[in-house]
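Undergrad: Chains as they are written, first to last, in our numbering: chain D, 1 to 207; chain F, 208 to 272.
If you're looking for bench data, these hints aren't it; they were derived computationally from the structure. It is possible that some hints are incorrect.
[What the hints assert, rightly or not] With a straight-line cut-off of 25 angstroms between C-alpha atoms, the simulated SDA-like cross-links for lysine to any residue are:
| id | chain 1 | residue 1 | chain 2 | residue 2 |
| --- | --- | --- | --- | --- |
| 1 | D | K122 | F | I235 |
| 2 | D | K198 | D | T180 |
| 3 | D | K80 | F | I227 |
| 4 | F | K241 | D | E35 |
| 5 | D | K80 | D | Y116 |
| 6 | F | K241 | D | K176 |
| 7 | D | K64 | D | G118 |
| 8 | D | K122 | F | K241 |
| 9 | D | K80 | F | G253 |
| 10 | F | K241 | F | G253 |
| 11 | F | K241 | F | L264 |
| 12 | F | K241 | D | G36 |
| 13 | F | K241 | D | R120 |
| 14 | D | K64 | F | I227 |
| 15 | D | K142 | D | I46 |
| 16 | F | K241 | D | N165 |
| 17 | F | K241 | D | N199 |
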Amino acid sequence: MHLPAPAELLYALLLISIVLVVIVVLRPGITNSREGKMLAFLAFLILPVLCMFWGASEHIDRSKQTQFCLSCHVMEAYGKSLYVDDPSYVPAAHFQNHRIPVDEACYTCHTDYAMYGGIRAKMQGLQHIYVQYLGTIPNPIKLYTPYNNRECLHCHLGARSFESNPIHVALLDSIKSNQTSCITSGCHDTVHNVANQKNVKFWSPAQ
Amino acid sequence: MNIEPAAIGRGLRLPGILLILGLTIELISLLWAKPLAFILFAFVGGALFLAGIFLYLYSLVAARS
């Protein structure tokens, strides 16, 4: 049995809300009755509020998608870097081996795994939109703050492959406190590396 | 104190139009997964929606008084 996706249910609810509001606007006389007042209350308050909250939730979910992040021109090279055929490229190795959800690749590594981290990521996303359409896009684009090891440790800490590496064990406190950066201390320092993209091979996934 | 039915009916036209526009914009914005769609939803659709709700509630209060 095919169950409708949440987005399809939301479209249906939006259409029902619009139709009910149109009915009340075109036939205001129906609000003379008690049932009509209840219908107007449902059409003008309950359903629109439900639609707005549901719509906001749907938009927030969509903003986590890789294709959403890569829909801005400035991000194209970063999206392409996920397909570099070289395991030393950290994002490419994670993306191609499905160590992160492929559909939410950018968000998985670039959200803060801290309290209110998701909200902070969304606020920064609004700032990105402002810069994209009304500001000046820096070249090259940079993170607002140095990449926090916490985002790596969110998945790697406790993992056998991470903890069986003696260097990780020896430096664990320093890694946890960000004194030793995972990506700028010479260990995993090839990240997107978009400046060097002309000289690399790309992997094509089989369809 | 009774609410005058005709007053409610008349007062629903403008909030109704604002809500129809707000909900239509929300519907259109959901057809894209792009940053501009979110802006359209949050700022244009949201403003129309809030204005519609506010005017609807105001029309209820105004009809009472």
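Undergrad: With the threshold set at 25 angstroms, check whether the alpha-carbon distance from K142/D to I46/D stays at or below it.
TA: Measuring from Cα to Cα gives roughly 43 angstroms; hence the hint is violated.
Undergrad: Hint check: K80/D vs I227/F, CA-CA at most 25 angstroms. Holds or violated?
TA: 41 angstroms, violated
Undergrad: Regarding the pair K198/D and T180/D, is the alpha-carbon distance no greater than 25 angstroms?
TA: 30 angstroms, violated
Undergrad: What's the verdict on K80/D and Y116/D, does the C-alpha distance respect the 25 angstroms limit or exceed it?
TA: 30 angstroms, violated
Undergrad: With the threshold set at 25 angstroms, check whether the alpha-carbon distance from K64/D to I227/F stays at or below it.
TA: 28 angstroms, violated
Undergrad: Does K176/D sit within 25 angstroms of K241/F, going by the straight-line distance between their CA atoms?
TA: 35 angstroms, violated
Undergrad: With the threshold set at 25 angstroms, check whether the alpha-carbon distance from K122/D to I235/F stays at or below it.
TA: 21 angstroms, holds
Undergrad: Does R120/D lie within 25 angstroms of K241/F when you go C-alpha to C-alpha?
TA: 19 angstroms, holds
Undergrad: K241/F and G36/D were given as a pair; does the straight-line alpha-carbon distance stay at or below 25 angstroms?
TA: Since the Cα atoms of K241/F and G36/D sit roughly 39 angstroms apart, the hinted pair is violated (cutoff 25 angstroms).
Undergrad: Taking 25 angstroms as the top limit, are the C-alpha atoms of K241/F and N165/D close enough?
TA: 41 angstroms, violated
Undergrad: Does G253/F sit within 25 angstroms of K241/F, going by the straight-line distance between their CA atoms?
TA: Roughly 17 angstroms between the alpha carbons, so the hint for K241/F and G253/F holds.
Undergrad: Given the proposed pairing of K80/D with G253/F, does the C-alpha separation stay at or below 25 angstroms?
TA: At roughly 35 angstroms apart (the allowed maximum being 25 angstroms), G253/F and K80/D break the hint.
Violated hints, listed in ascending order, are 2, 3, 4, 5, 6, 9, 11, 12, 14, 15, 16 and 17; each of the other numbered hints is respected by the structure.
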